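Use the sequences and the hints to build the structure in full.
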Amino acid sequence: MRVEQASEIIINPYITEKTFELVETQARICFIVKRTSSKPTIKEAIKTLYDENAVNINTASTVYGKKAYIEFETIDKARELATKIGML
Amino acid sequence: MKVPMLTINGKKESEIELPLIFSTSFRKDLIHKAFTHLNSHKFQPQGRHPTAGMDVVARSNDPPTGQGVSRIAKLRGGGGGRQGEAGGVASVRGGRQAHPPNVNKVIFKKINKKENKLALCSAISATKSKEMIESRGHIVTKIKDFPIVVSDDIESISKAKDITKILSSLNLMQDIARLKSRKPRTGKSSLRGRAKKIGKSVLFVVSKSEKLSKACGAIPGIDVKTVNELSVLDLAPGATTIRLTVYSKKAVNEIAKIKSSHLELLVNVK
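Line by line, the protein sequences are chains A and B. Quick note: the first sequence uses our numbering, first residue 1, plus one each step. Quick note: the second sequence uses our numbering, first residue 89, plus one each step.
Hints are computed from structural coordinates only; laboratory data are not their basis. Computed from a predicted structure; not experimentally measured. Check the hints yourself; a few may be wrong.
Unchecked claim - Heads up, simulated BS3-like pairs for lysine-lysine below, C-alpha to C-alpha not over 25 Å straight-line: (1) A:K77 - B:K90; (2) B:K337 - A:K47; (3) B:K337 - B:K90; (4) B:K202 - A:K77; (5) A:K47 - A:K34; (6) B:K216 - A:K43; (7) B:K247 - B:K299; (8) A:K66 - A:K43; (9) B:K232 - A:K47.
Unchecked claim - Some chain A residues close to chain B (C-beta under 7 Å, calculated; not the full set): (10) N12; (11) Y14; (12) K84; (13) I85.
Backbone N, C-alpha and C fix where the C-beta goes; we use that ideal spot for every residue, glycine too.
Have a look at this one:
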């Protein structure tokens, strides 16, 4: 997948008190993704954009857009990525 | 991350360690937001005269019982001229606009300082990706390593003749030639004298820009900026990522001094 395509799928990180805690407790980061995207494409987009492996993805379509709760391998990796994207 | 530092002849001189700012992740949403908000700072307020189309004495015959005429407002008076014509309201010839632009509308979009800084860091970091530079339309087939870092000699060049030699030795001339094939625009913008539009090619980021901006002045599409002046407007024109950028060695050292809250956290993580 090209970076251009990946950046269309991953729109922005969704930062709230709840998602903020998820980084430290469950190694998860919540992103708002494209409505039509699927779990495998989200996984691929995360790999191309941030060079990290997504272990598990849960999605939820809400009024804020499609949320994707992405679990990373370790809490340290999730924390580092959250810092790089300016979430923390 | 290390990248080769080139001489002005295009040969590899040594390697330079990129500062931590280059490890910021790509945030397309923030870059887009920063561009649209910063771009609004140069908009001029626009509006019509407050009474345009209403400087007439016009009244409607409402209700026009039994007179066989419409209910629209008509100009009063006699003796020819416009008397009897409809006017003073929207939807008639010579009347006012329905919803004209207003000078009191706030068109200045504010952006948070930290958000702007993060967008700038993300844009600077994106200049290391060849794929993203190509996605903006730049032609960089002959260049291998990004970002392009050149020795400080480039800052002392003040002649256009010299800079064209350097550009060709750095394989940047093919991107500048790209702008020549641009067609003139059509339609209303063309009729109003805005047919020609110059694109954007190489951006030089240096520590002092006096001499180099003089040398590059005649070459269309090239911009020279100091690190302090650098903004998302330069790095992502039209909010499309990302522009082909050449840094001088001093500029890279100055970029390392940019402060942002996420960079402080990155130091702790590493």
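### Task
May I ask you to test the interface hint for N12 (chain A) with respect to chain B, counting a Cβ-Cβ separation under 7 Å as satisfied?
holds (4 Å)
### Query
Under the criterion that the straight-line Cα-Cα distance not exceed 25 Å, is the pair K247 (chain B), K299 (chain B) satisfied?
Answer holds: K247 (chain B) to K299 (chain B) is near 8 Å, not above 25 Å.
### Query
Taking 25 Å as the top limit, are the C-alpha atoms of K232 (chain B) and K47 (chain A) close enough?
holds (23 Å)
### Query
Hey, K216 (chain B) versus K43 (chain A), does the alpha-carbon distance stay inside 25 Å?
Within the cut-off at roughly 23 Å; holds.
### Task
So, Y14 (chain A) near chain B? Judge it on the closest CB pair being under 7 Å.
violated (11 Å)
### Message
For a C-alpha distance cap of 25 Å, please report whether K66 (chain A) and K43 (chain A) respect it.
### Response
Holds, because 15 Å separates the two Cα atoms, which is no more than 25 Å.
### Task
Grab the minimum C-beta distance from K84 (chain A) to chain B and call the hint holds if it beats 7 Å, violated otherwise.
holds (4 Å)
#### Entry: Interface hint for I85 (chain A), Cβ within 7 Å of any Cβ on chain B
holds (4 Å)
### Query
Holds or violated: are the alpha carbons of K77 (chain A) and K90 (chain B) at most 25 Å from each other?
Judged against 25 Å, a Cα distance of about 22 Å means the pair holds.
#### Entry: Hint consistency between K337 (chain B) and K47 (chain A) [alpha-carbon to alpha-carbon, up to 25 Å]
Since the Cα atoms of K337 (chain B) and K47 (chain A) sit roughly 32 Å apart, the hinted pair is violated (cutoff 25 Å).
### Query
When you check the alpha-carbon spacing of K202 (chain B) and K77 (chain A), does it fall within 25 Å?
Holds - the C-alpha atoms of K77 (chain A) and K202 (chain B) are around 24 Å apart, at most 25 Å.
### Query
Is it true that the CA of K337 (chain B) sits at most 25 Å from the CA of K90 (chain B)?
Holds, at about 13 Å.
The structure fails to meet hints 2, 11 from the earlier list, while all remaining hints are met.
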